[in-house]
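Take these sequences, add in the hints, and give me the full structure.
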Amino acid sequence: MALSRRGLLALGACFGLGATIGARMGLPAALAPGAPRQLRGRARALADEAFEGLDRARMWDAHVHVTGLGTGGTGCWVNPAMRQVLSPWRHFKFDVYRHAAGITDLARADQQYVDRLIALHRLANPEGKLITYAFDYFVDDAGAERPSRSELYVPDDYVFSLAKQHPEILPCASIHPYRHDALERLNRAAQAGAVAIKWLPNAMGMDPASSRCDAFYDRLKALDLPLITHAGHEMAVHSPDAQELGNPLRLRRPLEHGVRVVVAHAASLGVVEDLDAPERSKMQSFDAFMRLFSDKRYEKLLFADISALTQFHRLSTPLRELLTATSLHKRLLNGSDYPLPCIDPLISTRMLEKNGFIAAEDRAGLNEIYAHNPLLFDFVLKRRLSVEYKDQTHSFSPSVFETAWFFQRNKS
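For the sequence shown, my numbering assigns the number 142 to the initial residue and increments by one for each residue that follows.
Some hints could be false.
Stated by the list, open to error - Quick list of in silico lysine-lysine cross-link-like pairs, DSSO-like style, CA-CA up to 30 Å: (1) Lys305 x Lys362; (2) Lys441 x Lys471; (3) Lys471 x Lys531; (4) Lys531 x Lys437; (5) Lys362 x Lys437; (6) Lys495 x Lys441.
It is worth saying that the hints were derived from the structure and are not from the lab.
Shown next, in the form of structure tokens:
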């Protein structure tokens, strides 16, 4: 977790030429963590302490991605531009993601991705579960798939098949509401055991505030399936012209239809329009989210996951406010956003210490956990987070990590 490596990645992010050079010189491979390993010493003690007081079987990771190239007939797809050197930044990101996910052989990419995820999980907490996401195409206003505007595609059937093979995986379907057969797909997903539906409006092209989604919302409520949706600026997936679709204030519509909504990352990144202001002035996405989160009308419907909040570009206000808002912790769900915790430069324990979120004496142990198991590191780090506020120390409540209750409600 060294700053020198973080600086190298930043250069690749800022300059297309740097991205091309970095990719060709093997920088993504150099940034990738090693093979999953058992912990020892101080790292083992830190991890054991993190699990104290928690029911491991109730710890369900609420934000896990799978993807692939379609090898082995999975049906997964990645936009070819991600693998073309003429698109240097997207090509660089592709290499970073694949190495972070442990993919060394593109001919076996899909299987290697899953093998590594399962290995990390079983070393971290074999009693827990992984809420694993499908990912739909961009769908246009006419209801047609638009692969050219899509970054990736992970079919629902793939996550359902993974759930049958691996008892630790629970499937989260992804269905675009503009599809002509959206309601039929939603019914099939519920019957197949989906525990939630995943959207990323910025990349998929749906407007959560549109009346076109009303029938979909009504069916979600009838099925008691929660909607997990990205809000705020999207960086991991290419979406240059649709960032405003991630405005948290657009989520009032599903809430008003009685849908349980989980806002991924607590909308902690970016600037959006204030849809409540006549002049449509700009405001921080997180502030827009907190406006909804503090609204008593939605306290039994609106939730958020804390995935990605420890990344260097999301530190400060969002993380600090959520740590100190202890009355809201019962509506927060832990999620890893795997495979992003495996990308070393995204999380800086040095910055977390400097900003007062972790103790100096924990850094070495946390870094060792990362080197052995980034998925476990993500959990232990969040358990070690704390801030001082009004002469009190605030940490995330244990309930944030015991998330099974939320996803089991639709089966009661």
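Each hint, compared with the structure:
1. Lys305 x Lys362: Within the cut-off at roughly 26 Å; holds.
2. Lys441 x Lys471: The given pair, whose Cα atoms are some 10 Å apart, holds under the 30 Å limit.
3. Lys471 x Lys531: With Cα atoms ~21 Å apart, Lys471 and Lys531 stay inside 30 Å; holds.
4. Lys531 x Lys437: 25 Å, holds
5. Lys362 x Lys437: Between Lys362 and Lys437 the Cα gap is close to 19 Å, so the pair holds against 30 Å.
6. Lys495 x Lys441: Answer violated: Lys495 to Lys441 is near 36 Å, above 30 Å.
Hint 6 from the earlier list is the only one contradicted by this structure; the remaining hints agree with it.
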